[in-house]
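Please construct the entire structure, taking both the sequences and the accompanying hints into account.
Residue-level listing of the chains:
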Amino acid sequence: MGVVLIRRMAVSLLTLLVISLLTFMLIELAPGSPLSKYAENPKISVADRARIAEQLGLNESAPRRYLLWLTNLLRGNAGISHMTGRPVGSEIFTRLPATLKLMTASFLISLCLAIPAGIYSATHRSTAGDYFLRLVSTAGLSVPSFWLALLMIYFFAVCLRWLPAGGQLTPWFDTAIYSLPMRPVIFLWEHLRHLLMPAFALGIANTAAWSLYLRSALLAEVNENYIRTARAKGMPERVVLYRHALPNALMPLVTLAGLELPAFFAGAVIIEQIFAWPGMGRLFLAAVNNRDYQLVMGITMAVSVLVLLGSLLADLLYCIIDPRVRAPVRRVTRL
Amino acid sequence: MGGGKLFRKFVCCLLIPAVLAILTVACVPGEQGKPLVWGIPADIETLNPILSAGSVETDVLNGVFSTLLKIDHNTELVPDLLAELPQSGTDGLRYSFRLRDDVTFHDGVQLTSEDVFFTYQMKMAEGNIVPSRTMWEKISTFEITGTHSFVVTLHEPDVTWLEGWAYSDAMIVPKHLLKQEFNDGGGELTKGGSFSRKPVGSGPYRFAEWKDNEYILLEAYPGYFRGKPAIDKVLYRIIPDSNAMLAQFIAGGIDVYDRVPAGQYRELAALQESSKKIAVFNYPSFTYLHADFNLRLPVFQEKAVRQALMYAFPREDYIESVLDGVATAAHSYVPPMSWAYNPDVITYDYDPQKAEQLLDDAGWHRGKDGIRQKEGLRLSFTITTISGRQEREILQEILRQEWEKIGAEVKIRNYEGATFGAKLMGLEFEMVIFAWLTGTDPDGEDLWHSRRRPDKFGAGMNIVGYENERIDLLLEAGRKETDRELRRNIYHEVQDILAEDLPSLFICYLNNVSAIPAGLKNFKPNSTVAGNTWNMYEWELE
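Chains A and B are the protein sequences, given in the same order. Here the first sequence stands for residues 7 to 341, where the numbers follow my numbering. Here the second sequence stands for residues 22 to 563, where the numbers follow my numbering.
Keep in mind that the hints were calculated from the coordinates and are not lab data. The reader is advised that the hints may include incorrect statements.
[What the hints assert, rightly or not] Cut-off 30 Å, straight-line C-alpha distance, at most; resulting in silico cross-link-like pairs (DSSO-like, lysine-lysine):
| hint | chain 1 | residue 1 | chain 2 | residue 2 |
| --- | --- | --- | --- | --- |
| 1 | B | 395 | B | 426 |
| 2 | B | 232 | B | 55 |
| 3 | B | 395 | B | 444 |
| 4 | B | 545 | B | 298 |
| 5 | B | 432 | B | 375 |
| 6 | B | 219 | A | 107 |
| 7 | A | 43 | B | 159 |
| 8 | B | 375 | B | 324 |
| 9 | B | 254 | B | 232 |
| 10 | B | 200 | B | 232 |
| 11 | B | 477 | B | 324 |
| 12 | A | 43 | B | 545 |
| 13 | B | 219 | B | 249 |
| 14 | B | 432 | A | 43 |
| 15 | B | 249 | B | 545 |
| 16 | B | 55 | B | 545 |
| 17 | A | 43 | B | 232 |
| 18 | B | 55 | A | 107 |
| 19 | B | 444 | A | 43 |
| 20 | A | 43 | B | 477 |
| 21 | B | 542 | B | 254 |
| 22 | B | 219 | A | 43 |
| 23 | A | 107 | B | 232 |
Structural data, given as structure tokens:
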């Protein structure tokens with residue numbers, strides 16, 4: 007296990023270096039610059055733009071800027087954002103909790119919905135309930151999350167007024183007007199109200215995919231010999247299903263869920279924009295639109311680290327769940 | 022077996038979120054202590070006016086800071102920090118300013134001419150990344166003549182210069198607070214500096230709280246020189262998506278929805294009809310949409326071609342059906358609410374037959390492929406604009422279809438914002454659709470003077486590459502003339518020539534739309550870059 011860990015970490019570091027180089031090249035190759043936002047402002051003259059380019063150090067050569075960025079990063083300095091003038095690290099750490107909160111909630115909602123739905127579908131194969139759930143899942147996979155988000159805002163925030171249309175918290179929300187024992191409850195409700203729609207919109211595609219995945223995995227497992235043996239031994243169906251079939255069917259889902267992290271972040275870019283969620287996805291979009299190179303690099307690296315950690319965690323979890331995986335040869339075939 | 026149970030459990034899982042949602046209805050935060058909530062569509066980068074590039078930041082800065090002058094809703098210059106309008110000689114070169122003596126910053130320190138001079142110094146300081154120095158570079162000498170008076174002399178006469186003092190660009194910052202930060206930063210102010218995040222000004226509201234990407238809260242300043250504002254708190258809520266902004270407005274998450282996109286006007290107008298709780302304003306702005314020719318290309322050399330293209334554009338249909346009537350036809354770069362607007366300027370009503378006639382007369386005849394050509398040159402070009410800006414992309418499509426009917430070949434090539442900006446600055450376009458936000462002064466030297474061609478002189482915004490000696494003379498005279506009547510005549514002629522020459526197709530002035538609570542009194546929409554919070558000290562909420 008230790009060897010696996012060290013080897014994976016070494017590969018991860020190399021991957022990060024390649025990601026940073028590719029991202030930098032992509033930004034460099036894309037037209038536009040941090041000054042492009044001034045193009046339609048006649049008050050900002052050509053001379054002003056030339057001066058600002060010099061002040062921002064945009065006139066340096068690209069390889070030099072990359073090396074500078076990399077050496078600074080190794081010293082623990084991810085640069086300064088052009089947009090906000092603050093260190094990239096602090097920008098990311100300010101926004102990270104909101105994104106993590108959203109992603110965790112979304113992940114939990116997805117799991118809580120996908121696992122029962124998958125089990126039900128598999129155990130009630132070809133019944134009306136199974137068809138219905140599969141229909142819903144397919145619809146969930148096909149519907150673009152931004153459209154679903156807008157639809158939810160329209161129904162739940164505008165028509166029914168049940169949930170807030172966006173934001174992490176109502177800015178003028180104050181628990182002080184409630185009685186002391188009620189305050190923690192109200193505080194929790196207030197957070198949940200805001201979290202519900204964005205988390206659901208972000209997780210809908212995963213919920214659908216995971217439930218369909220679990221259904222087929224479970225169907226494959228129940229036809230295995232060991233299940234037949236268990237049934238032959240007279241075990242109750244419930245035990246056969248939950249103690250024997252389900253853990254095996256869930257294993258591929260762990261890997262799948264681990265690899266879903268980038269998809270969660272990609273989804274968060276859109277969802278955070280629509281729900282005015284103050285997270286990293288929105289910051290990333292603003293950074294790209296403003297060609298804030300330092301911030302784009304910083305966020306890409308932060309997300310890459312998270313993704314690599316996620317897949318590393320999935321691998322380790324795999325090792326724990328399935329001892330056979332610890333053998334390197336078996337592991338390759340499993341993956 | 023356990024299937025039924027499982028299903029029940031599954032239904033329970035689905036029901037939990039629904040039940041939570043229903044329960045939360047009972048816990049909606051109350052309206053007690055709710056500030057006036059103003060929706061802003063973009064994140065704020067800085068609240069230091071020395072470094073701010075304006076736009077939505079102006080909405081907040083107007084609360085915290087003051088300017089020497091203000092531009093009111095009638096686009097007239099009025100004193101703000103000044104006791105009276107500045108005195109200038111007849112030469113438009115030297116201006117005397119006298120400040121009010123009852124103005125204090127939010128920390129109680131009095132505002133003096135030292136602070137104004139310091140603001141000028143900060144704008145010109147080498148280390149500061151100041152977006153525009155145009156107005157400050159015109160200053161030759163700045164002489165402090167008293168605690169509350171100073172005299173500014175310009176390098177050359179320019180009557181348009183004064184207007185600059187009315188915008189967020191020229192908000193006065195406190196020397197006693199910023200000097201230290203400037204020195205500590207090694208001669209540099211940054212957006213990440215403490216003043217950028219916790220500004221102290223002399224405006225009607227003082228800064229209270231900034232939650233990143235969420236909101237900025239201002240509180241009424243009791244020591245404001247016009248008296249404490251009637252509304253205690255104003256909260257700027259950041260909502261980047263316009264659909265979400267509309268939803269927030271309807272659901273009560275924001276009270277004021279400013280900068281409403283044209284596509285949402287009808288919905289808001291209908292809402293105003295049905296609820297009577299809101300008021301919707303629709304008024305022309307100083308932003309004009311135009312399609313610029315690259316006059317360096319042989320295909321656009323002839324005036325007849327440019328006029329024919331203008332005749333073949335159904336402008337009224339475009340304004341009515343695409344922009345929902347939220348625009349005003351433009352026949353020059355000077356908007357109808359300007360004192361210099363020329364109502365008798367030539368207009369080009371939709372007339373495709375006349376367009377064909379003009380092209381025929383000019384010797385552009387249809388080839389075998391139906392495209393007109395003259396001496397081997399085909400009437401073929403590419404139109405570029407920002408992708409994703411629906412009103413511009415539809416305009417592009419209309420132009421393509423209409424112009425193909427009169428024998429032009431039109432290709433479309435669009436870019437996203439930053440790339441588009443780079444192409445525009447690099448003059449890499451054949452025809453380009455975008456919008457300029459102009460000042461209230463009719464001066465158009467930067468846009469139309471031949472000396473302001475960036476490709477030849479490295480400065481200016483004459484990106485079309487227009488050259489006309491008469492226009493040059495008129496624009497130079499217009500900047501020096503102090504008599505408004507004489508200036509009016511000058512700019513009338515400028516508009517006549519431009520409408521005849523058509524270096525650019527003037528499409529329309531985009532209207533601004535703002536929706537506010539019906540009970541918000543003294544909200545006076547301001548079409549200029551001063552923004553609609555320009556007079557927030559006067560607002561009252563019934």
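Evaluation of the provided hints:
For the proposed pair residue 395 of chain B and residue 426 of chain B, the alpha carbon gap of about 17 Å is at most 30 Å, so the pair holds. Restraint check for residue 232 of chain B and residue 55 of chain B: the C-alpha separation of about 17 Å stays at or below 30 Å, so the hint holds. The suggested pairing of residue 395 of chain B with residue 444 of chain B holds, with an alpha-carbon distance near 29 Å, which does not exceed 30 Å. Pair hint residue 545 of chain B plus residue 298 of chain B holds up; C-alpha atoms about 18 Å apart against a cutoff of 30 Å.
With a C-alpha separation of about 23 Å, the suggested pair residue 432 of chain B and residue 375 of chain B falls inside the 30 Å cut-off, and the hint holds. Distance restraint check for residue 219 of chain B and residue 107 of chain A: the Cα-Cα separation of roughly 28 Å lies within the 30 Å cut-off, and the hinted pair is therefore satisfied. Our distance criterion of 30 Å between C-alpha atoms is met by residue 43 of chain A and residue 159 of chain B, whose separation comes to about 24 Å. Distance check on the hinted pair: residue 375 of chain B and residue 324 of chain B sit about 14 Å apart at the alpha-carbon level, within 30 Å; holds.
A hinted pair counts as satisfied when its Cα atoms are at most 30 Å apart, and residue 254 of chain B with residue 232 of chain B qualifies at roughly 15 Å. Taking the CA atoms of residue 200 of chain B and residue 232 of chain B, the gap is near 26 Å; set against the 30 Å cutoff, the hint holds. Between residue 477 of chain B and residue 324 of chain B the alpha-carbon distance is near 22 Å, which keeps this suggested pair within the 30 Å criterion. Pair hint residue 43 of chain A plus residue 545 of chain B holds up; C-alpha atoms about 29 Å apart against a cutoff of 30 Å.
In summary, the hint linking residue 219 of chain B to residue 249 of chain B is supported, as the alpha carbons are separated by about 21 Å, within the 30 Å threshold. As the CA atoms of residue 432 of chain B and residue 43 of chain A are separated by approximately 25 Å, the hinted pair is consistent with the 30 Å bound. With a C-alpha separation of about 19 Å, the suggested pairing of residue 249 of chain B with residue 545 of chain B holds against the 30 Å cut-off. Taking the CA atoms of residue 55 of chain B and residue 545 of chain B, the gap is about 23 Å. The hint holds against a cut of 30 Å.
A hinted pair counts as satisfied when its Cα atoms are at most 30 Å apart, and residue 43 of chain A with residue 232 of chain B qualifies at roughly 24 Å. Taking the CA atoms of residue 55 of chain B and residue 107 of chain A, the gap is near 26 Å; set against the 30 Å cutoff, the hint holds. For the proposed pair residue 444 of chain B and residue 43 of chain A, the alpha carbon gap of about 12 Å is at most 30 Å, so the pair holds. Pair hint residue 43 of chain A plus residue 477 of chain B holds up; C-alpha atoms about 23 Å apart against a cutoff of 30 Å.
Among the hinted pairs, residue 542 of chain B with residue 254 of chain B is consistent with the structure: their alpha-carbon atoms are about 15 Å apart, no more than 30 Å. For the given pair, residue 219 of chain B sits about 25 Å from residue 43 of chain A by alpha-carbon distance, which is consistent with the 30 Å threshold. Under the criterion of a C-alpha separation no larger than 30 Å, the hint pairing residue 107 of chain A with residue 232 of chain B is consistent with the structure, at around 17 Å.
Hint check: no violations occur; every hint is consistent with the structure.
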